[in-house]
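Undergrad: Just so you know, the protein sequences line up as chains Z and H, in that order. Just so we're aligned, residue 19 is where the first sequence starts under the working numbering, counting upward by one. Just so we're aligned, residue 19 is where the second sequence starts under the working numbering, counting upward by one.
Incorrect hints may have been included.
Since the list can't tell identical chains apart, any single copy or any two copies may satisfy a pair.
Calculated cross-link-like contacts (lysine-lysine; reagent style DSS-like; alpha-carbon spacing at most 30 Å) [what the hints assert, rightly or not]: (1) Lys22 x Lys191; (2) Lys22 x Lys101; (3) Lys191 x Lys72; (4) Lys191 x Lys149.
Bear in mind the hints are in silico, worked out from the structure with no lab data behind them.
2 protein chains.
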Amino acid sequence: MHFKMNEAIELLERTPQTLEYFLSGLSEGWLHCNEGEGTWNAIEVVEHLIEGEKNNWIPRLEFILQEISNNPFPPFDRFSHLKNMSQTSIDQKLQEFKAIRMQNISKLKSLIEPDLHLELEGSHPAFGTVKVRELLSTWVVHDLTHISQIVRVMAERYRADVGPWEEYLGILKETKH
Amino acid sequence: MHFKMNEAIELLERTPQTLEYFLSGLSEGWLHCNEGEGTWNAIEVVEHLIEGEKNNWIPRLEFILQEISNNPFPPFDRFSHLKNMSQTSIDQKLQEFKAIRMQNISKLKSLIEPDLHLELEGSHPAFGTVKVRELLSTWVVHDLTHISQIVRVMAERYRADVGPWEEYLGILKETKH
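Using the sequences and the hints, build the whole thing.
TA: Here it is as structure tokens:
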């Protein structure tokens with residue numbers, strides 16, 4: 019086990035600006051490419067990250083802290099952003115993600131006293147008992163999963179272009195998740 | 019085929035600063051973790067990217083343009099950075115990567131006229147005939163591979179911490195390359 023609050027926050031606070039630097043100003047070709055039918059482009063991944071900030075991590079944390087842990091979390095719809103496609107630009111979405119993430123990190127710091135709260139338990143609708151520590155670790159790894167997804171989607175766009183080097187490029191061997 | 023010089027350069031110029039924002043100031047735990055014996059941590063990945071700037075992409079491009087394409091490229095040792103471990107800090111390495119990448123993008127722009135040069139051929143020591151377009155596409159996807167590697171290595175650190183959520187986190191299902 020490696021989880022430490024301060025180290026987790028280091029990554030949580032870097033994700034929005036890392037994505038902002040990487041995605042802002044990119045050509046449409048990079049922003050709109052995906053891995054085929056039913057897969058997400060970079061913009062949809064950012065929308066999904068915003069959705070998680072609104073309806074997943076902090077609401078579930080508050081649910082556990084309110085000691086109503088016998089009730090399972092309200093389910094989180096991982097595809098809801100696809101039903102509510104907003105017309106804002108990628109730059110607006112990146113700003114929205116950054117703003118709500120910064121608010122949520124402040125809330126996290128105010129809600130959680132690591133020595134007291136990390137082992138508190140809630141009930142996940144699919145997994146059963148889960149701990150605050152696991153929820154917060156998952157928030158971090160969820161960011162990493164989606165950064166990885168964005169770069170994998172972009173790599174896929176050049177699969178044919180790299181010619182025989184495909185064999186050396188590990189990212190082109192990863193499966194879609 | 020999707021390769022366009024201007025779009026490729028968009029990604030090549032973003033990689034150093036994206037990594038700088040993501041890695042600078044991180045705790046030792048994140049910078050030094052790896053995926054086990056024989057795998058690289060984030061610092062070693064940055065060292066490998068610097069090595070590629072020095073000895074791989076532009077030297078091979080110049081080799082093709084000098085029309086000595088009957089000779090194979092000098093081989094590139096993908097592990098050489100491990101033999102020459104430098105003692106500079108991660109911030110110094112990130113600055114070095116950014117500086118040499120910016121120089122190399124300038125050189126790329128001065129060397130390559132897309133309408134004339136993209137289909138020129140060289141001889142890869144393992145693959146045989148390769149084109150300039152394939153070399154440049156590979157430079158881009160190589161960046162993406164290693165950004166993906168860095169986030170995957172960090173995700174691995176929390177594999178046990180996420181508890182039952184491991185099942186939902188695609189990045190923890192990827193294999194090491």
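Undergrad: Determine for every hint whether it applies to the structure shown.
TA: Evaluation of the provided hints:
1. Lys22 x Lys191: between (32 Å within a copy, 23 Å between copies)
2. Lys22 x Lys101: Neither, since 36 Å and 33 Å both go past 30 Å.
3. Lys191 x Lys72: between (33 Å within a copy, 27 Å between copies)
4. Lys191 x Lys149: between (34 Å within a copy, 22 Å between copies)
Checked against the numbered hints given earlier, this structure breaks only hint 2.
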